[in-house]
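Asks: In case you want the letters, here they are:
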Amino acid sequence: MSAALPPSSVGAALSRPFSRRTLLAALAGTALAAAGCTGSAGDDADAVTPAQVDQLATQVQVQEALVAAYGLAFAASPDLAATAAPLAEQARAQLDRLRAAAPGSPASSTAVGSPAAPVDAAGARAFLRGQVAVTADSHAFACPDFTGARAALLGSIAAGLRGQDGLLA
Amino acid sequence: MAEDTTGASPSSGSPATTAEDAALQEALAAAHTAVWGYGVVGAALPADAHDLVVAAERAHQDLRDQVAALLTSRSADPVAAEAAYTLPFPVLSATDAAALAVTLEDGTSATWTWVLDQATERSTRELGVAALTAAEVRAVGWRTQAGRAPVTSAFPGLPAG
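Quick mapping for you: the protein sequence lines, in order, are chains U and F. Take the first sequence: its letter number 109 is residue 109 in this note's numbering, and every next letter is one higher. Take the second sequence: its letter number 129 is residue 298 in this note's numbering, and every next letter is one higher.
Chain F extracted, bound-state conformation:
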């Protein structure tokens, strides 16, 4: 079930949570990416947006640490951050920065929706719905700043269908 087509190399301890752990590894990889990405976002935004960026970055750091600890407790080896990432588009303005933040949050939502789909543990689903909700709330703010419409999403994290 847990076909691995990613760059992550999840290793799990319990067969009962193998698929869940693989999904959590995806979420962890997304958290690493978001932490890195918010550094770019912050550098391109004016100083008055600093608090917003720091809060978002801290949220992803906290989630990263929580997921890594969970995987470690299951004798799974948490995926590490990549040494570097390439940006999906040039970030040359405040609007570009907000658009990158939207990409980071939408990607985070996708991974947590997948965790919800794969999770066997109720506590993981509780974590998942909280993480997904927080990402979408942040995404609404960034979509507004990026001039996107609509700024809300009916189905955050789910593939367009």
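Chain U on its own, in the form it takes in the complex:
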């Protein structure tokens, strides 16, 4: 036993990083640093290039398509709507956060790859799971293209959706 050393707290050991900086505040503060304009008060890591602005807009559209897919799936399957409502709320919250992180992003736009095909009750769950997986993959693929708070946000959303995917399996 380690009598000489006081044991570290598991909770403390796992809760350190964000005690130094609130990432969300960083995101809000750097949303203005768009189109390659670093800004003297901004963090270089949170500046975005024009290409990244376009990429962020695409990720917003991908998420909009997922939110639409939840609506389609729930309309086709009231049972699924009853059990998976919290997942849809999370998808909408993710969309709100993505829009906030995307410089100049409109409140809504034309979703890319919108799932137009109607789904029946029997296939609603599989349809929705497929849409969640595609969206998770898209955000995970885009994440390393960014730095700073936006990389963290995209990675977090991708992980959250992968968790949804597992739950819907």
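Keep in mind the hints are simulated off the structure, nothing from the lab. Source: prediction; values computed, not measured. Quick reminder that beta carbons are idealized off the backbone N, C-alpha and C, glycines included. Treat the hints loosely; a few may be bogus.
Claimed, not checked - Heads up, incomplete: computed chain U residues facing chain F, CB under 8 Å, no partners named:
1) 87
2) 147
3) 163
4) 167
Unchecked claim - If we take Cβ atoms under 7 Å as the criterion, some of the chain U residues that face chain F in the derived model are:
5) 71
6) 74
7) 90
8) 94
9) 122
10) 160
With chain U fixed as given, assemble chain F onto it according to the hints.
Replies: What follows is chain F alone, placed relative to chain U:
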């Protein structure tokens, strides 16, 4: 930038990756904690959960070794495991064990989200998103076993806002 308020004592070789290395040290410390913590989790769960615990523990061991090797390759001294840890709550039942596993995975997610925020190397961000995703997938299973609701998280690793 890399203000150190932790028990870890990161030392970095390259100024270009100083902040990233400090974040990786946090992730490494979390991996050490998770490896230790899953020993407690496994002891409190029935035998039929053994494979799940072993798989999770092995994932954290692999991540620990990968991060330690990365830091070493940068002439940074990887943080070591603590000699002992205190539990955040008593683990007296299978539900307690699942709750501890949730704590371990959520903590892991927080450190990897921070790595994503701090990383300058693309390869580190690729590692980060993979590690974060794996932790959240495991966390969903443990939240279910712990009776938590909701079992999924919209923003794993990010502070509640």
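Asks: Output the numbers, in ascending order, of every earlier hint that fails for this structure.
Replies: 5, 6, 9
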